[in-house]
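Student: Following the hints, put chains F, G and D in place on chain C, whose structure we already have.
Residue strings, one per chain:
4 protein chains.
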Amino acid sequence: MISIELTAEQKDAIAAVDAFCDRYFTEDAIKQWCKSRGVPSTVYNAFYESALGKYCLPEYLGGRECSLAEKSAVIARLCHRAGAMLPFVNDMLSMTLLDSMREVSRREVVEELLTKSGHVMFSEAFSEARAGSDASAVQTIVSVEPDGVFLDGEKSFVSGGQFSPEALVLARDPVHGLEDGGLSLWLVPIDEPGVSTYPLETVGQAMTAPATLKFDHVELRPEQRIQTQGKLDAMLKRQYELGRILICAASMGLALAAMDDALDHANDHMVKGQTLGTLPQIREKLADMEVRNRAMCQLVYVAADSVDKGLQRCHLDCALMKRAVPRMATEVASEALQILGGRGYTNQSRVGRIWQDCRGNQIAQGTDEVMVHLIAKSLMANRASERRVAEERIQQARTEQE
Amino acid sequence: MISIELTAEQKDAIAAVDAFCDRYFTEDAIKQWCKSRGVPSTVYNAFYESALGKYCLPEYLGGRECSLAEKSAVIARLCHRAGAMLPFVNDMLSMTLLDSMREVSRREVVEELLTKSGHVMFSEAFSEARAGSDASAVQTIVSVEPDGVFLDGEKSFVSGGQFSPEALVLARDPVHGLEDGGLSLWLVPIDEPGVSTYPLETVGQAMTAPATLKFDHVELRPEQRIQTQGKLDAMLKRQYELGRILICAASMGLALAAMDDALDHANDHMVKGQTLGTLPQIREKLADMEVRNRAMCQLVYVAADSVDKGLQRCHLDCALMKRAVPRMATEVASEALQILGGRGYTNQSRVGRIWQDCRGNQIAQGTDEVMVHLIAKSLMANRASERRVAEERIQQARTEQE
Amino acid sequence: MISIELTAEQKDAIAAVDAFCDRYFTEDAIKQWCKSRGVPSTVYNAFYESALGKYCLPEYLGGRECSLAEKSAVIARLCHRAGAMLPFVNDMLSMTLLDSMREVSRREVVEELLTKSGHVMFSEAFSEARAGSDASAVQTIVSVEPDGVFLDGEKSFVSGGQFSPEALVLARDPVHGLEDGGLSLWLVPIDEPGVSTYPLETVGQAMTAPATLKFDHVELRPEQRIQTQGKLDAMLKRQYELGRILICAASMGLALAAMDDALDHANDHMVKGQTLGTLPQIREKLADMEVRNRAMCQLVYVAADSVDKGLQRCHLDCALMKRAVPRMATEVASEALQILGGRGYTNQSRVGRIWQDCRGNQIAQGTDEVMVHLIAKSLMANRASERRVAEERIQQARTEQE
Amino acid sequence: MISIELTAEQKDAIAAVDAFCDRYFTEDAIKQWCKSRGVPSTVYNAFYESALGKYCLPEYLGGRECSLAEKSAVIARLCHRAGAMLPFVNDMLSMTLLDSMREVSRREVVEELLTKSGHVMFSEAFSEARAGSDASAVQTIVSVEPDGVFLDGEKSFVSGGQFSPEALVLARDPVHGLEDGGLSLWLVPIDEPGVSTYPLETVGQAMTAPATLKFDHVELRPEQRIQTQGKLDAMLKRQYELGRILICAASMGLALAAMDDALDHANDHMVKGQTLGTLPQIREKLADMEVRNRAMCQLVYVAADSVDKGLQRCHLDCALMKRAVPRMATEVASEALQILGGRGYTNQSRVGRIWQDCRGNQIAQGTDEVMVHLIAKSLMANRASERRVAEERIQQARTEQE
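Here the protein sequences line up with chains C, F, G and D, keeping their order. Each number in the numbering used here corresponds to the 1-based position in the first sequence with 5 added. Each number in the numbering used here corresponds to the 1-based position in the second sequence with 5 added. Each number in the numbering used here corresponds to the 1-based position in the third sequence with 5 added. Each number in the numbering used here corresponds to the 1-based position in the fourth sequence with 5 added.
Just chain C, with the same shape it has in the complex (with noise of 0.2 Å):
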């Protein structure tokens, strides 16, 4: 049934977020974070102790199985209240890369990499700058030398790659790679001679802090390496399917921090002694924003849910979603930074970072534009044999009729 109703799996997250974002969450302390570029340890050690920490982490260091509908819906209620992106969206994408090379992988490499308090020990230094979420494009080389293995090369948007004590980073690698495409993945610490990092400064998203991370033949020994037997495409690809939904899950918890404090404008605000609110050009934007608060939600939720059914449609259905949700949300964002006026414009408000942290969505994790093209091939083989059925189906009615 088609329904905006959240499962009551859902509204226990949404209670659990809201608990501990009453205790931590204040706008003074956001604004604090955000020049710091992350969370304070206090609390991000406080988030991995509550009720929340069992949503990221795996289960078996004691996390909730869980789907990925309420990890978005964690995500969605975090963003809301934060009305900021956060680093919380990036743990739990690493953690269930954890999951996935755990399978794989060597399991006490993996198990090093999460302290007991649920911390992720690893950035994820996938992207370069001119290859975007585009593993084939990647330019990063291990190269085998006389005197050793070696990695060269520079990765970009690594969410908290300055802090991380260790980069998981992915490479071109024509010998260990073979089975895997040419690319292998290895864990090197960043403390390692040759390693550097930039903070990288964007327009928005300073909590999740990206940096650059270049590597200047830098030595690797063969126990840093993450076995992948293969599998490292099914690995990636379900990372970034998973990246996309957690993604999008922030956006749309963004676009309603800014509806409400849209919503608490109008409301409070007064003008020739009516409220902001009663004047139909501020409804209009208020009844077209909500329209794009709905779509979101169904497309984050929906996504969600035929990814953790393994419906056969769940790459037309997240494509979609990243194709449409990341945009609508800097929308309503945009809106509500009009309602608020210059107010909205400054940081007297959080509608102007909220405007800016959603627009870096839009980018992230494949732009709008590639998904256009996943998702017309996927409707045009679905209406084709949607035709072909219902052509057959008329064909014997027609006859039957005669």
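It should be emphasised that the hints constitute simulated quantities derived from the structure, not laboratory data. A portion of the hints provided could be inaccurate.
Intra- or inter-copy, both count: the list cannot distinguish identical chains.
Distance condition first, Cα-Cα at most 27 Å in a straight line; then the derived BS3-like pairs of lysine-lysine [said to hold, decoys possible]:
| # | residue 1 | residue 2 |
| --- | --- | --- |
| 1 | 36 | 242 |
| 2 | 242 | 219 |
| 3 | 382 | 314 |
| 4 | 277 | 242 |
| 5 | 277 | 40 |
| 6 | 36 | 219 |
| 7 | 219 | 16 |
Tutor: Positioned in the frame of chain C, the structure of chains F, G and D alone reads:
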């Protein structure tokens, strides 16, 4: 749970529609019916004799108890299959009105208004050129004079107004309308002296046969009056809400028809040795059309469901739906027309007709513009109470913390 | 200087149009002409006998030397006054083609194609269902057989194709078309054996009377051939460019007509005791319509002017214009329709017709979509050379500085 | 004549800007100036010593007599070259205000406000958080008390408010403001007791250094008052109109900068062996960006010209411009950001900053929303009188005809 899956009941309804359409609907037939401004009586009778009639008829005449979500699925699928607005939308509306009337009115009058085969014997003469769907602006008037009671005025956009033997006329009535805010309802045979009917040439929707009805000092007999006992306003409101849902279901169906045709053309049409659907600009259009289709689907079924369940948020859901769905449907149809190119602008395809039919629903049953006020007020009030609750909860959490 | 002032010549042209329209155009007449798919011959003759004929006729037949900017002003104003696409657009195009043909072809053939009163005696049978405005995809073919030369194929969207005594047919022609990329041009009387004509039922633009012409082994005589001497491609390109300008001028005129009607309605229509135009949502629409009107005006006249002057950027200007103007015009018409509400969706107003007529121009003479490639390539090339110049200049400035 | 050609004067202005920028503007410098919230004084002095100073300075201080169209060209080009909002926009505004003030005020006060080098010595403290550009809502108040005249209140969005030695404060003033609708103007040194200044952290436009100024019972001396003699309202209106033009010129310049960067990236960036600019989706974006650039160019220069000439339609032209230009500029910048992808979202390119700077101009000097009323009223009135003229003319034509 948020989903795009239809219920088993909705799937049954769609299968019933398909069985009917497989037999009676061809593009040539539809074209002909548009020219003759109506469905031929053989098809009309077949409709009410088929399983579909049950979805329209009131229960006491053999109809099945079915939800608005099912009725919406029937209408959406019928319009999807026809690629045109169908008079069955109005029938379904009128039958619901009969049901409302039956509760307050003399049974025998009502019963006469349906033939055994399920034909609706009256048209709804509610709208006026200057009143739209705003009952308070009605100008048609009932006057009590020494020699009788008389009706004067002009009704517009009366679907099937020339074909139904009787018109159900909403009029200002200072005498009989005392309990109903100065309004009363009368059944007026259209062959009565003083009644004249004219076809209304519209941009599209020819099959619904909109007409203008003029009443020039038409004498009214007491038995023509429909008893409303102070419930007229509630009846009309229910009627408009239902009307909005069915019209939006029809718009969604039209958009899906346009989508099918666009996908077929993208699959079949060759441009320089490639199918049209390989062109990225076409793909982009298809993707964005599908995003709208998904949004329409959710908005319609959520509204139908919340009216069915009598939820408090049903007015908001209906207004959001009416604001967004008809516009999105026109946009989808326009993009389909563009994809079909010259062919789309001629009657060699049906997308031109679909585009024209869709456009009318942006105006019918309350324009996009009037929805905005209800939506914004409702959103602002919801937010205000949500905020109060949250602030109290946070206050409590902080107190406990100390 | 950038301005929205028209030139004195353009103002004269508009005054001439107004004098003609004041006399011959009424909404009832226009409605009638749409039904009969053409302007009656009395009006047609009056047009060519009036000052307006001079703007269409070639100079050697008494036409005045006038710029494209003037011609565009004439077409825009005619469509503005009529609120409909008029066949004069096609006449103007055909006469320009005559001029082109005259330079390369035998004079006498050409002269016959215009009556003394200025009637164009032929229709342009260039488009095909699968070819649109793409000459390279033409499928109508001339074949040289032992018993003669024959024409086979089907032309579509031939304006006035049923009413003009002759059709000017563009065909693939491996024998005669050697100098012209395998294409040739033939004048074919439509009463010739093997020629059949059908009206093309379009969504709008009925007055231009689009037709389908079928040629089934039609024998061609040598004197029917138009000499093109290797200049056919240039002739066609010029024709398409001119066609685009006139169609966009017509679109602009249609939009201005819709704007007038919307403003009149906003001034006249009362809602709860206030004029409609006091409602902020209506005001917003009007403002955004005017922004589009201004943009259209600039795009059309800049393109006309740069073609007139033979500027290098004329192809870019034309493509930008064709990309944006017809779409903007449809949007303006759609908003006007919405402002007029129910009335706008019926033939009680002309905005419905305007909306339908506008839509066709988004497809005619090259869809919005095909313009994109020419535009982007041209912008990229311009920028590359501009950048080179700037870099050299900066380099030099910095050298001098040291 | 409608054209996109700039005048010789405008081209000279642009050449002067280029000569200055070639020497002083590099992306590294601009980044640095944004961080330090202003242009360094060496560059500032160089600006006023160069030919460009003449475009800003009033004539009696050596400025050249130049039109608003030239001033707009200067501002547009400066922002185009910088890819950032520059404080020179505010300087130009303040100097025009000086000119207005000079006519009504004591010469000596005014003269002091400019250093010989052309520095503007005061900031415009007009806006308030709750008043925006609406003078009637000003809350800062001048009160006459037994022990003196005092100023209390808070001004917001004061460009350069922390760096200019004096602030020109607009205040409610029941005593001195009698002739000026209860408002008066005062020059207040920012080191006066009771004055405090705070930087205003905005989403963008850091170089204009917006500040909040608080006045806590600041004593005012009579000589601080600017005489306005009943002309304050006219001065402010002129100032807002001028401000709107310069802000829109700046927005247009920013959009052109974003366009350059997008085209460069489309030319340079390789995707799978092809330049990015060969992708149809990118081409579509570029085409639609250019359509907007053309529209902006016309709207700005038409408005500038009609204010220069004192045309009656200048208020309409300005409002249309302010409604459309800043929004279009943000859209162009957003598309450029999308074309640059990840790079566009970081400070490795300037399009992120451009996008942020553009957004502010949708709010500054009157939001998009407030323009709508002036525009619609003006369009409706124009149409009403145009219609009257046309009806009389047609009436006359028809009479003569008979």
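Student: Taking the earlier hints as the rules, which of them does this structure contradict?
Tutor: 1, 5 and 7
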